[in-house]
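Chemist: Make a model of the complete structure from these sequences and hints.
First residue of the sequence shown: 1, per the numbering used here; consecutive thereafter.
Derived by calculation from the structure, the hints in this document are not laboratory data. A virtual CB, placed ideally from N, CA and C, is assigned to each residue, including glycine.
Pair by pair, the computed Cβ-Cβ distance ranges are:
hint: 1; residue 1: L138; residue 2: L233; range: 52 to 62 Å
hint: 2; residue 1: L138; residue 2: A98; range: 46 to 56 Å
hint: 3; residue 1: G109; residue 2: A165; range: 15 to 25 Å
hint: 4; residue 1: G109; residue 2: P25; range: 13 to 23 Å
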Amino acid sequence: MPDLTPVHPRGALREAAARVTAATPEGRDRAVDALRAFAVLGVVLGHWLVTALVADGGSLHAASPLRDLPWLAPVSWAFQTLAVFFLVGGHVATRGYASARARGDSYGGWLRARLSRLFRPVAAVLALWTVTAALLLLTGAGFGTVHTLVKLALSPMWFLLVFAALTAATPLLARLHPLWPLVVVLHIDLLRFGFGAPSWIGWVNLAAGWLVPYTLGAAWTRGELDRRRSGWLLLTGGTAATAALVAWVGYPASMVGVPGASVSNLNPPTLAAVTFGLAQCGLALLLRERLRRAMRRPVAWAAVALVNLSAMTIFLWHQTALMATTATGLLAGRLPGLHTPPDGLDWVAARLAWLPVFVLVLAGCWATFRSCEQRGRGRRRSRVVRAHRPQRSATTAGAHHV
1 MPDLTPVHPR
11 GALREAAARV
21 TAATPEGRDR
31 AVDALRAFAV
41 LGVVLGHWLV
51 TALVADGGSL
61 HAASPLRDLP
71 WLAPVSWAFQ
81 TLAVFFLVGG
91 HVATRGYASA
101 RARGDSYGGW
111 LRARLSRLFR
121 PVAAVLALWT
131 VTAALLLLTG
141 AGFGTVHTLV
151 KLALSPMWFL
161 LVFAALTAAT
171 PLLARLHPLW
181 PLVVVLHIDL
191 LRFGFGAPSW
201 IGWVNLAAGW
211 LVPYTLGAAW
221 TRGELDRRRS
231 GWLLLTGGTA
241 ATAALVAWVG
251 YPASMVGVPG
261 ASVSNLNPPT
271 LAAVTFGLAQ
281 CGLALLLRER
291 LRRAMRRPVA
301 WAAVALVNLS
311 AMTIFLWHQT
321 ALMATTATGL
331 LAGRLPGLHT
341 PPDGLDWVAA
351 RLAWLPVFVL
361 VLAGCWATFR
371 SCEQRGRGRR
381 RSRVVRAHRP
391 QRSATTAGAH
401 HV
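Modeler: Take a look at the structure:
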C-alpha cells in the first residue's frame, strides 16, 4: 500500500535542500555564487523600488521617487550592485577560460558556450515584447506609452551587450591591471565636465567603467586579492573617493539615473559610479569567508543555487513582471504605489506593499520561461549543481548536469 503519511512542508524543504547540497561539486566556492545571486537580486529590487509607471489620463509614463525624494538616494547605494556582478563575472570568466585551455578546448568553443547561456533566454523576451508592442499599437495605445513600456522591458539588454563584449575579450583582459581602465574613466570625466567636451564622449566609459570591476575579478583569479588588506583598501578608498566626488566635485548622490537630472552616474558610468563600485567590490571580497560559512547551511545554499540557475530569467523578466502588475492593476483603477506619482512617503509605503505581488508575478514568468535558460544545457557541465542520482555512487553521480 502507498505511504499516506503526510509530509510536513518544512521537512520537504529540508529534504530538497539536502539533495541540492549532495549534488553540489566538491570544492566549489559557494561564496562566488552567493555574490552573484545577491547582485542579481539587488538589481531587481532596485528597479522595483525606484521605477514608477504613472497613469496620466490614458497613458503611462516613467517616473522615479529619487526625483521628488532625493533623500532616498541611499536606496540606490544598497541596490545598484552591477559592480559586484562584473567582479564575479570577471573572476568566473578568467578562471573558466584558464580551465578550458588546460583541457585543450578552443577559444571559440569556450566563448560559444558562455554566450549561448547568456543570450538564449533573450529570444523569448524579444518575441513577447514584439508581439505585445504590435498589439498595443493596433488597439490604439499611444506611441509614448508603448515606447515607455518597451524601453523598460528591454533596458536590461545594454548590460548583456557590455558583459558579452568583456567576456569575448577575456583572453586579452586576463592580466590587465584595473588602474588602466580607471585612468580612462578619470580622463573621460575630466574632458566632459572640466573642459566641455561633447557629451557623447562619455559613452567610452560604458566599456571602461565596467572594465574596472571585471579586471578586479581577473585579479581575484590570479590570487592578488586573497589578503583581507586588499578588500579593506578597496572599501575605504572607494568610499572616501565617492564621498569626495559627491560632496565637493558635484557628482549626483544617486548611483542610478534620475529622470530630469542633468547628469546620471549610470548612463554612462561616471567616475563616482566606478569608485562606488570599487567600494562594493571591496566589501564583497571581505564577506567571502562569512558567505562560505553561511552557504554550508543546506537551505541557504539551495536558495542561492536556484537563483544562479535562473539568474538570466530573473534578470530579463523582472521589469515585465512590474509592468504586467501595473497594467493588470489599471482594471481596478488608479492604485497607490502602482499608478500614482512617486512624490511622498505614502507612495514608498504602498510600493513596499506591492513587492510581494511583483515576486509572485516574476515567479510565474520564471515558471513559464525558465526552459529557455535551461534548454541546450544537455550534458554540459553545470556551474552550480549536478543532477542527483541516488542509485549511483557518490563518485560517479552527476555525469549528467543541469
